[in-house]
Amino acid sequence: MAKNEITSQDLKKMLSFVAGRIEKEEAHLNSLDAAIGDGDHGITMRLGFQAIRAKLNELDQVSMDMLLVESGLAFMGATGGAIGVVLGKMLMAAGKSLKGKERMGSDEFKILLCAMESSVSNSGKIKCGDKTILDALSSACQVEYGPDPSLTETISAAAAAAESGARKTSHMVCRVGRASRLGDRTLGHPDPGALSFSLILHAMADWLHDSDQRTQSA
Amino acid sequence: MAKNEITSQDLKKMLSFVAGRIEKEEAHLNSLDAAIGDGDHGITMRLGFQAIRAKLNELDQVSMDMLLVESGLAFMGATGGAIGVVLGKMLMAAGKSLKGKERMGSDEFKILLCAMESSVSNSGKIKCGDKTILDALSSACQVEYGPDPSLTETISAAAAAAESGARKTSHMVCRVGRASRLGDRTLGHPDPGALSFSLILHAMADWLHDSDQRTQSA
Amino acid sequence: MKKLINNPDHVAIESLEGLVLAYPQYLRQVKGLQSVVRVDSPRRGKVAILTGGGSGHEPMFAGYVGRGMADAGVAGNVFASPPPPPIYQTAKVAHGGTGILFLYGNYSGDVLNFDLAAEMLHTDGINVETVRVTDDVASAPPDRREERRGIAGGFFVIKIAGAKAEEHATLAEVAAAATKANANTRTMGVSLSSCTIPASGHPIFEIAENEMEIGMGIHGERGVSRGALRPADNIASEIMAQIIEDLPVPRGSEIAILVNGLGATPMAELFIVFRAVGRLLQNAGLTIIRTYVGNYVSSLDMAGCSISLMLLDEELKRLLRAPAECPALVQG
Amino acid sequence: MKKLINNPDHVAIESLEGLVLAYPQYLRQVKGLQSVVRVDSPRRGKVAILTGGGSGHEPMFAGYVGRGMADAGVAGNVFASPPPPPIYQTAKVAHGGTGILFLYGNYSGDVLNFDLAAEMLHTDGINVETVRVTDDVASAPPDRREERRGIAGGFFVIKIAGAKAEEHATLAEVAAAATKANANTRTMGVSLSSCTIPASGHPIFEIAENEMEIGMGIHGERGVSRGALRPADNIASEIMAQIIEDLPVPRGSEIAILVNGLGATPMAELFIVFRAVGRLLQNAGLTIIRTYVGNYVSSLDMAGCSISLMLLDEELKRLLRAPAECPALVQG
Ligand SMILES: Nc1ncnc2c1ncn2[C@@H]1O[C@H](COP(=O)(O)OP(=O)(O)O)[C@@H](O)[C@H]1O
Ligand SMILES: Nc1ncnc2c1ncn2[C@@H]1O[C@H](COP(=O)(O)OP(=O)(O)O)[C@@H](O)[C@H]1O
Ligand SMILES: [Mg+2]
Ligand SMILES: [Mg+2]
Ligand SMILES: [Mg+2]
Ligand SMILES: [Mg+2]
Numbered sequence: 001m002a003k004n005e006i007t008s009q010d011l012k013k014m015l016s017f018v019a020g021r022i023e024k025e026e027a028h029l030n031s032l033d034a035a036i037g038d039g040d041h042g043i044t045m046r047l048g049f050q051a052i053r054a055k056l057n058e059l060d061q062v063s064m065d066m067l068l069v070e071s072g073l074a075f076m077g078a079t080g081g082a083i084g085v086v087l088g089k090m091l092m093a094a095g096k097s098l099k100g101k102e103r104m105g106s107d108e109f110k111i112l113l114c115a116m117e118s119s120v121s122n123s124g125k126i127k128c129g130d131k132t133i134l135d136a137l138s139s140a141c142q143v144e145y146g147p148d149p150s151l152t153e154t155i156s157a158a159a160a161a162a163e164s165g166a167r168k169t170s171h172m173v174c175r176v177g178r179a180s181r182l183g184d185r186t187l188g189h190p191d192p193g194a195l196s197f198s199l200i201l202h203a204m205a206d207w208l209h210d211s212d213q214r215t216q217s218a
Numbered sequence: 001m002a003k004n005e006i007t008s009q010d011l012k013k014m015l016s017f018v019a020g021r022i023e024k025e026e027a028h029l030n031s032l033d034a035a036i037g038d039g040d041h042g043i044t045m046r047l048g049f050q051a052i053r054a055k056l057n058e059l060d061q062v063s064m065d066m067l068l069v070e071s072g073l074a075f076m077g078a079t080g081g082a083i084g085v086v087l088g089k090m091l092m093a094a095g096k097s098l099k100g101k102e103r104m105g106s107d108e109f110k111i112l113l114c115a116m117e118s119s120v121s122n123s124g125k126i127k128c129g130d131k132t133i134l135d136a137l138s139s140a141c142q143v144e145y146g147p148d149p150s151l152t153e154t155i156s157a158a159a160a161a162a163e164s165g166a167r168k169t170s171h172m173v174c175r176v177g178r179a180s181r182l183g184d185r186t187l188g189h190p191d192p193g194a195l196s197f198s199l200i201l202h203a204m205a206d207w208l209h210d211s212d213q214r215t216q217s218a
Numbered sequence: 001m002k003k004l005i006n007n008p009d010h011v012a013i014e015s016l017e018g019l020v021l022a023y024p025q026y027l028r029q030v031k032g033l034q035s036v037v038r039v040d041s042p043r044r045g046k047v048a049i050l051t052g053g054g055s056g057h058e059p060m061f062a063g064y065v066g067r068g069m070a071d072a073g074v075a076g077n078v079f080a081s082p083p084p085p086p087i088y089q090t091a092k093v094a095h096g097g098t099g100i101l102f103l104y105g106n107y108s109g110d111v112l113n114f115d116l117a118a119e120m121l122h123t124d125g126i127n128v129e130t131v132r133v134t135d136d137v138a139s140a141p142p143d144r145r146e147e148r149r150g151i152a153g154g155f156f157v158i159k160i161a162g163a164k165a166e167e168h169a170t171l172a173e174v175a176a177a178a179t180k181a182n183a184n185t186r187t188m189g190v191s192l193s194s195c196t197i198p199a200s201g202h203p204i205f206e207i208a209e210n211e212m213e214i215g216m217g218i219h220g221e222r223g224v225s226r227g228a229l230r231p232a233d234n235i236a237s238e239i240m241a242q243i244i245e246d247l248p249v250p251r252g253s254e255i256a257i258l259v260n261g262l263g264a265t266p267m268a269e270l271f272i273v274f275r276a277v278g279r280l281l282q283n284a285g286l287t288i289i290r291t292y293v294g295n296y297v298s299s300l301d302m303a304g305c306s307i308s309l310m311l312l313d314e315e316l317k318r319l320l321r322a323p324a325e326c327p328a329l330v331q332g
Numbered sequence: 001m002k003k004l005i006n007n008p009d010h011v012a013i014e015s016l017e018g019l020v021l022a023y024p025q026y027l028r029q030v031k032g033l034q035s036v037v038r039v040d041s042p043r044r045g046k047v048a049i050l051t052g053g054g055s056g057h058e059p060m061f062a063g064y065v066g067r068g069m070a071d072a073g074v075a076g077n078v079f080a081s082p083p084p085p086p087i088y089q090t091a092k093v094a095h096g097g098t099g100i101l102f103l104y105g106n107y108s109g110d111v112l113n114f115d116l117a118a119e120m121l122h123t124d125g126i127n128v129e130t131v132r133v134t135d136d137v138a139s140a141p142p143d144r145r146e147e148r149r150g151i152a153g154g155f156f157v158i159k160i161a162g163a164k165a166e167e168h169a170t171l172a173e174v175a176a177a178a179t180k181a182n183a184n185t186r187t188m189g190v191s192l193s194s195c196t197i198p199a200s201g202h203p204i205f206e207i208a209e210n211e212m213e214i215g216m217g218i219h220g221e222r223g224v225s226r227g228a229l230r231p232a233d234n235i236a237s238e239i240m241a242q243i244i245e246d247l248p249v250p251r252g253s254e255i256a257i258l259v260n261g262l263g264a265t266p267m268a269e270l271f272i273v274f275r276a277v278g279r280l281l282q283n284a285g286l287t288i289i290r291t292y293v294g295n296y297v298s299s300l301d302m303a304g305c306s307i308s309l310m311l312l313d314e315e316l317k318r319l320l321r322a323p324a325e326c327p328a329l330v331q332g
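Residue numbers (this note's numbering), protein chains in the order written: chain A, 1 to 218; chain B, 1 to 218; chain C, 1 to 332; chain D, 1 to 332.
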């Protein structure tokens, strides 16, 4: 049976796994950004997750919410650019949604996704269809789950939805960011930030699957 | 029988023919200079001969010596660089050697060659073997002619000698000019200035041959 | 990619450190941060001007920190706005008690980060005004001018705001001068080659051996026309036509001109472009009060140039001519 | 070849015309010639400094004509010394009655042409002294120093001679100061790419995508070592080692430094190189009195840089610090 909850310790390992995945995707993300933006998205994501990893190594015995808030601050502080603020704020909002919790299960994760979505859409400047990370994020929030899904199932489904949301950005025209002035030239290319978000969720799901298997075989 | 003398009018046509030939060789001379110098020799030669051509068009009814002196001044004034002074002075010396002459035959041409050689070697800075235009020029001066050669024969022989002198510069190491600091790297490449000089003589010989044929068929 | 660098991830910080080491007479680094302030910061009673943005545009931004120019410059990573914390902390160091003007190019990353920093400063009770540079004619039509991005014309806006602040004007006055300078400035560029972000190692766009793109942005953003490379005179007149169409300049006007190299363009070519520009402007009956030719706002190793025109009134003329001393501009 | 030019044969003259149009406050063109003089030439009673050489090294030479710098600059075609007539005529325009210093890089073409012009001036009864810049360490061994070619260090020599002449020194004194500046200056460069003469259209040498050549001259003359491109820190220390071996600089000495871009090198890279240079020099116990970083003496569109060091004594320090105002240098 799939694991239903993770602790702060698990989250730490999971984030570190995600960081490794993002680093591997650096060149790919750069080339996506080169097509419609300024070609630096992979670099920025790598730098941000390297900072998260360094911060995680410093933190010991920290609550789940603080782990994410600190990760958000580390990401934002190490990167800059549009994604620095956006993903940084998303991580902080995710952390705040876990305030007081010692474990994150499927329900907590669904709430966390909504909190992240609000952090982006509340800025007021961005809406769905603007070809940003928000398009992947909202897709993930709109998943309809079966009865009582495990955390692994929840995140896997969210990842799949985020990926399809990211794919759909290929048909959208960019309105914001360094890519925004390219107009139609952005058609046919997915938004790199949206793709990054789906990569993050996929990595989380993969980590959970592996972890579930470790638990089963143990 | 080969034509034995040329007049000021002939010389004018001949120089203009030489100019055309040099212009065609621009890229070739540049590439020779790129191998051991700064890659501009063909450009400089073209600009110099364009200036000569322009000057010739201005001059009307001018004596042979002045034609060459003016050509030298025009060449020097339009080019600069090492070759500007060296070839400019050579042309002026050539002109002075014809002072008072209305025609140039084989003897006058031999004297003219010597005068050019002196103008270069008298500067004191250059000697044979330094891998310069002087190596082609001296070779041309040292030709041993048969009895009573025609002007065409004289210039043809001088051109052949200049060419072999220019070829031999491939085995020399450069000591002067923008190429001088390359040292051994200049081995295996001919000196562009030397080659230019042999091209000039060859063009003169070709013009004379054509002119002889025109005379014969007339 | 062939660059005189060490670690590609350290280009922004090492270039800034080199700048500080080269010009200790003008600026100092803020400890631990990728930012600089005037060597005599904070100047009590003077409005502080803080500029910044992604690295890769050297000598913009830090190179314009000095007397009569900006008080502080905050550098992000290559092509990425700096994050809020260093902006906030640098502002605190530079603040002379009478408020801060944030002056930067209009890119969404910069807006997000600088706005957050401004909020943090407001919380501390520090007045912050923001002026975003929007000089790039190619980046949006005239009816959406506020969406345009900021490129080389930012040099003029910093020069004007810096001179105004030096006159001990209030924050509102300095912001008004900067706003006017921005409103009166138009820029358009032409790219001949892509640039390569050091940490990526790949050119960010393709351009054929005989092609150029007019209006391309300093991060490779699409311009107004791509086509065969044309003579400098034709390029200059096409760019000037677009600028003048966007900002009509009546005969007899006084203007300032910047012909800016994008990083890999030899000075000789910039002078040839300016020769055409200067003649066009003289023929249009305009008086060039001051000309700047050189690498003022670059795009890494991009080849090409941009032309900026600022229309002057009496105030702008006085402020343009005022003395300035910083790494990238000395003017008596 | 991708260049912002018109007719490739007109690059030298059009670039000079652009320079004059951009900086009428400093210089004017000599009518009909490819040369410029200070706007206030001739300065009666002041020794005139005339510099010049092939074009393609902008802003050298004409960009250094102005107050406290050279009085006249004569430009040849690309990579070709100017011929004697324009040198002679320009000298006549600039001559203030107390003699002329010819100051140029040591190349045989330049020597031939400037010497001829000097002879013509002597015939007119005008005193001419000549100082040839020989700062390129890579171009000949120390025992044949007088054969070395002149590269970016010529900037320092013009600065020193210009300041000395501004003090109304005699021709002999100005020549002596220039000679001392040259004797105290060493330069070495590194090339990352070839350059292309506009009228030829072909690179003058080949260099592989990952190669560099240390010591290469500004016309592609062979250097001291070719090899794989290395980090900027290593390049800087290799170059500095060669310079210091050639010109021992005792601890505690005062020096000036120029990190010069060859035409296609972004400012960020020059600052990264200077960062390494500055740290090395500080560690060697030297005091940098003044640093110059930028495109001072270029090689058309070559990528790479050169580093020049001038060892100062009290006189050189005073002259280095003296004010200067010309297109390529303003210093208060
Ligand atoms: N205003 C914004 N709101 C939300 N997301 C944004 C915004 N601007 C950009 N993004 C996201 O950021 C991504 C680009 O990130 P990155 O390349 O790292 O930053 P930059 O655009 O500053 O170079 C885009 O693909 C988009 O998803
Ligand atoms: N001092 C000299 N005396 C005689 N000939 C010279 C001298 N220096 C150079 N040359 C000749 O000039 C040629 C180079 O001419 P060019 O490339 O036009 O000038 P530059 O060397 O100034 O670029 C050389 O090939 C050589 O024949
Ligand atoms: Mg980007
Ligand atoms: Mg040559
Ligand atoms: Mg970016
Ligand atoms: Mg030459």
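Careful: at least some of the hints might be erroneous.
[Stated by the list, open to error] Subject to a maximum C-alpha distance of 30 Å in a straight line, what follows is the list of computed DSS-like cross-link-like pairs (lysine-lysine): (1) Lys89/B to Lys92/D; (2) Lys31/C to Lys89/A; (3) Lys92/D to Lys2/C.
Because the hints were derived from the structure by calculation, they are not lab data.
**Report entry** Hint check, failures only
**Finding:** Per hint list: single violation, 3.
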